[in-house]
Amino acid sequence: MKNPSVDTHLLPADSGSIGTEPLLAVDNLHVEFTTRQGVARAVNGVSYALNAGETLAVLGESGSGKSVTAQAIMGILDMPPARIPKGEIRFRGTDLLQLSEAQRSQIRGQQIAMIFQDALSALNPVFTVGWQIAEMFRVHKGMSKKAAYAKAVELMDRVRIPAAKQRVNDYPHQFSGGMRQRIMIAMSIALDPDVLIADEPTTALDVTVQAQIMELLAELQRESNMGMILITHDLGVVADVADKIAVMYGGRIVENAPVHDIYRNAAHPYTKGLLESIPRVDMKGQELYAIKGLPPNLLDMPTGCAFHPRCPFRQDDCVTDVPALHEISGTRSSACHYWREVLDGTAG
Amino acid sequence: MGRYVVRRLLQAIPVLLGTTFLIFTLVYWLPGDPIQALAGDRAVDPVFRATMREMFHLDEPLVVQYGYYIQGILSGDFGTTFRGLPVSTIFEGKFQITLNLAMMALVIEAIVGIGLGLIAALRRGKAADTAILAFTLLLVSIPTLVSGFVLQLVLGLQLKTSTGIDFFPVAGTSEGWRSYLLPGIVLAGTSIAYLTRLTRTSLMETLRADYVRTAVAKGMPRRRVLGRHALRNSLIPLVTYLGADLGTLMSGAVITETIFNLNGIGRQLVDSVYLSENSVVVGIVTVLVLIFIAANLIVDLLYAVLDPRIRYE
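Order-wise, the sequence lines are chains A and B. If you read the first sequence in this note's numbering, its first letter stands for residue 1, the second for the next number, and so on. If you read the second sequence in this note's numbering, its first letter stands for residue 1001, the second for the next number, and so on.
Note that these hints are calculated values from the structure, not bench results. Be aware that a few hints might be false.
Unchecked claim - Reference listing, derived: stretches of chain B covered by chain A, where coverage requires no fewer than 3 residues with Cβ under 8 Å from a Cβ of chain A:
no. : region
1   : 1210-1216
2   : 1303-1310
Said to hold, decoys possible - Across the chosen pairs, the derived CB separations fall in these ranges:
no. : chain 1 : residue 1 : chain 2 : residue 2 : range
3   : B       : Leu1010   : A       : Gln37     : 37 to 47 Å
4   : A       : Leu120    : B       : Tyr1303   : 43 to 53 Å
5   : B       : Arg1232   : A       : Arg340    : 55 to 65 Å
6   : B       : Arg1223   : A       : Arg340    : 15 to 25 Å
7   : B       : Arg1232   : A       : Asp321    : 23 to 33 Å
8   : B       : Arg1309   : A       : Glu327    : 34 to 44 Å
9   : A       : Pro80     : B       : Arg1007   : 18 to 28 Å
10  : A       : Arg83     : B       : Leu1231   : 25 to 35 Å
11  : A       : Gly177    : B       : Ser1088   : 35 to 45 Å
In this text, a Cβ means the ideal position worked out from N, Cα and C, and glycines have one as well.
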């Protein structure tokens, strides 16, 4: 595992290319899972980049590989059955995949932190929330119990948990869903990470609470200038907080775009389908659009473009040729042979 | 918490009445005349027989006999045997021996069972895991009679004659806690196998839990993830098993006590059943039920300590 060519000093501040190199760059990442039925290719050459203070929303349905990519960045995939045959994950210029497990666990939690979907199951039921937050300071910073608990109360205040001082010794089950997610957030930002990965942070919450949590995340990000990867299948959540969007389908990125461009017009039929399936007030009474068909089987991917069996604009070459990620502008790209037609509405 | 304990103790009363009545009835229905059993093959003097039947209320209906028995129990009297000995003197020392044996077995079981289970879970699918699973199969398959004598021979005798190490007494209780080592191992055998498998499953399940993934994502060292985050959660089902097993160990000690010549309650129970010593059998069962109830209560209270989601009001 240990690669002798990697500097044992963790991530030197001047890695040379810092000016051009983004904070976090995923480059041609492949992840596959060995199963009884064969090899499931969950991620097939995903690349994206994140700068400090920026929010990247990764959008896609279940099985699109968005969470697996995030888990690969965190280094919390179970390997085996998972395998990373190809690709790089560069954090401040250092390829995380080349680091030893000990070096990676120094980055996990301290420099790259993660929030999970269901805070009830993601928090340990047998320890108090204060203990779980304070643990970050005690283990990583060697703080005394008392100082660490004081920090925990401070953090609970910061994520606006009422009466933090009284509640620091409560257990996760004694909190409401929204409050639990706030505790999860407090834990993840405890050591001021540079990158925060939020994996569907609001999916398990009701709508009003969703908005509050997104607001809190956006605010914390502004204060600390961290980069955030927001994984979601909900286009509604994305619009207000994201700077750019990466749409994933079948383990690939099918469209990259600044958030406002994508809401104006999609450059990939899948993105177009997603946008059209958002309920809108002015469409009241009409049937809601749904993308027909099922997500691709990772064990048996369609030939050519993975989306072709469901694509309303399918042409013959879509079945045979895998489309490359075409650059549309400096900030925008689409993995569709007919992106021009999709973009100006003349496709199909 | 206090009110919960009181309520649980009150609940024990109907349980105790039910179990003692059941045992009392079963012994009542046993074939044979206990008075005749006193005399063996010889004829019994009719006057003596009548006096004895009168004294022990043997001609009364079942429910009345049971009433007399409970009346005695409530005043702290376990009754007398047909031979005229107070039952409490028969108990003397014997419960202690069986309890010592069961406790020794429980400790061995907990250490070996949980230890092996943890190793198996952490080495899942590897050679150590397979070996441990095969070992548990072996443990369940060997009858107590075989394991008892083999251990006596190998650890008790051959070890002493070949190396001079005299650490495992083969019989009796004269060597203090060491006397219980070999019988403890034998008695714990099957339970070790079950506990190993239970621990393995429990830890493997816990390791898949979201909160373990969270601990890893927090950058916690592997040792801490396992020892603090996973272990405590996987202990919860094991405590139930261990608590319930104490009763099983105590009542299942008969063969082990016989092999190792321990004068415990298991042998007394079997002897008394043969002799139709009604009051002794029911007395032993009563005490066993009490121990069972106490063990279960302790388990339930431990639950609340291990799992804060459980609160007793």
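Consistency of the hints with the structure:
1. 1210-1216: n = 6 at 8 Å, threshold three: holds.
2. 1303-1310: Per the Cβ count (4), the hint holds.
3. B/Leu1010 to A/Gln37: 37 to 47 Å: Since the Cβ atoms of leucine 1010 of chain B and glutamine 37 of chain A sit about 57 Å apart, the hinted range of 37 to 47 Å is violated.
4. A/Leu120 to B/Tyr1303: 43 to 53 Å: violated, 20 Å
5. B/Arg1232 to A/Arg340: 55 to 65 Å: Given about 59 Å between the Cβ atoms, the range holds.
6. B/Arg1223 to A/Arg340: 15 to 25 Å: The hint (15 to 25 Å, Cβ to Cβ) is violated, given that arginine 1223 of chain B and arginine 340 of chain A are roughly 56 Å apart.
7. B/Arg1232 to A/Asp321: 23 to 33 Å: violated, 55 Å
8. B/Arg1309 to A/Glu327: 34 to 44 Å: For arginine 1309 of chain B and glutamate 327 of chain A the Cβ distance comes to about 53 Å; the hint is violated.
9. A/Pro80 to B/Arg1007: 18 to 28 Å: violated, 50 Å
10. A/Arg83 to B/Leu1231: 25 to 35 Å: holds, 29 Å
11. A/Gly177 to B/Ser1088: 35 to 45 Å: violated, 59 Å
The structure does not agree with the numbered hints 3, 4, 6, 7, 8, 9 and 11 stated previously, though it agrees with the rest.
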